[in-house]
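Chemist: Residues per chain, in single letters:
2 protein chains.
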Amino acid sequence: MSPSSDTRERIVASARELIYTRSYADVGVAQICDAADVKKGSFYHFFPSKRELTLAVLDETYADAKTRMLDRAFDPQLPPLQRLHRFVELNAQIQAELFAETGVVPGCQFGNLAAEQATQDAVLRARVGVMLDRLQAEIRVALGDALAAGEVAAIDVDATAAAMLAYFEGVLLIAKSHNDPGVVARLLPALPDIRIAPAAAAG
Amino acid sequence: MSPSSDTRERIVASARELIYTRSYADVGVAQICDAADVKKGSFYHFFPSKRELTLAVLDETYADAKTRMLDRAFDPQLPPLQRLHRFVELNAQIQAELFAETGVVPGCQFGNLAAEQATQDAVLRARVGVMLDRLQAEIRVALGDALAAGEVAAIDVDATAAAMLAYFEGVLLIAKSHNDPGVVARLLPALPDIRIAPAAAAG
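From first to last, the protein sequence lines are chains A and B. Going by our numbering, the residue at position 141 of the first sequence is 141; the numbering climbs one at a time, nothing skipped. Counting the second sequence from 1 gives a position; our numbering is that position plus 203.
One chain only, chain A, in its complex shape (with noise of 0.2 angstroms):
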């Protein structure tokens, strides 16, 4: 690995750690420069602006989730009902672990950057968007295995797993907002039990 790609990976790593468990506009390049051990100038090389960046942490969030929890959660090799409650079990042990580590529980990076700056940047918000769909689809397949294999009623799936995807970051804001990972412990196990009919969905 070339010393520059080194110092991409350190910058990406350094500012999704300080949003992360600050927001984003309280994290400045200068810090993020800092907590990286980079120049201004070796910054501005990679990133013409920490929305680029930020951008570049969006995609950074969502591989690591992928590898951390999502694979492991949806793996096509479990009983589709089974895949929902493994999801629901890592994420309580991931924000219970990052309360243990930062002395805050962060809460979901996408749902963060959405509620900071959906209403003010629009490309932000988009990229966003984009990563909550891909959750929403992880959620979907399971859905429509469960469905398949009749281990859930008629539902309208889509709806269905839409519902569960909000329920999902509203329980992660619920315990940022008492910083108490125990709230993920407490409501995220009824999240499989959300159901969104076909026809409630159609009117």
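In case anyone wonders, no lab produced these hints; they're calculated from the structure. Mixed in with the good hints, there may be bad ones.
[What the hints assert, rightly or not] Simulated coverage check for chain B against chain A, where a stretch passes if three residues somewhere in it have a Cβ under 8 angstroms from a Cβ of chain A: (1) 311-321; (2) 355-369; (3) 373-385.
[Stated by the list, open to error] Some chain A residues flagged as far from chain B (calculated, every beta-carbon gap over 12 angstroms): (4) R10; (5) R16; (6) D75; (7) Q77; (8) P80; (9) L81; (10) T119; (11) A137; (12) A148; (13) E151; (14) M164; (15) L191; (16) D193.
[Stated by the list, open to error] Some, not all, of what chain A presents toward chain B, calculated at C-beta under 8 angstroms: (17) T21; (18) G107; (19) V128; (20) S177.
Cβ coordinates follow ideal geometry from the N, Cα and C atoms, glycine included.
Keeping the supplied structure of chain A fixed, place chain B upon it in accordance with the hints.
Modeler: Here is chain B on its own, set in the frame of chain A:
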């Protein structure tokens, strides 16, 4: 009403709108003073800091939500589950109206501030936590009444109220992330069906 109290109200109203449609960090004291047409000296006469002003904004937001929405939805004269359906309808309507007025889906002011500031500012986090607890208490009363009236089977009333609030926050956040008030209309009607059973909550 004295000019002074009018000035304070203008500052709070301007800050509330600016922060709601942008973010806490993005809105500065100078901008608030411009929007409220007051001098900085007047601002600091009423509020030692933007944070102190924001605590007043949260109080005002809750008072307004109580009049416009909570008192209408959680009317004790209504059948208990009907209150939850009205809560759903009013919030879908409010987000659609805000979108029509401003061009953005602003979501929930409490959830927004939690997502942006909960890991950084313990004072703002605690106040937002109080506001979210009050919303949850409104839902909890309706659920307790529904249980007493036999409208729902045995549930953990506290956990179910918490889960419904989480779902509410999550749906508004997803709508904000897609800048689409239709998300609220499509997904929020599933809220009254969320249940956490006593056994599940104890586990």
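Chemist: For every hint, state whether the structure bears it out.
Modeler: We went through each hint and held it up to the structure:
1. 311-321: holds (count 8)
2. 355-369: Holds, because 5 residues of the stretch 355-369 of chain B bring their Cβ atoms closer than 8 angstroms to Cβ atoms of chain A.
3. 373-385: With 8 residues close enough to chain A, the hint holds.
4. R10: holds (22 angstroms)
5. R16: holds (14 angstroms)
6. D75: holds (24 angstroms)
7. Q77: holds (26 angstroms)
8. P80: holds (20 angstroms)
9. L81: About 15 angstroms separates L81/A from the closest Cβ of chain B, which puts it past 12 angstroms; holds.
10. T119: Check fails; 4 angstroms does not lie beyond 12 angstroms.
11. A137: holds (14 angstroms)
12. A148: holds (22 angstroms)
13. E151: holds (18 angstroms)
14. M164: Not fine: 9 angstroms to the nearest Cβ puts M164/A too close to chain B.
15. L191: violated (9 angstroms)
16. D193: violated (7 angstroms)
17. T21: Constraint on T21/A satisfied, holds at 6 angstroms.
18. G107: holds (7 angstroms)
19. V128: holds (6 angstroms)
20. S177: Check passed: Cβ of S177/A comes within 4 angstroms of chain B, closer than 8 angstroms.
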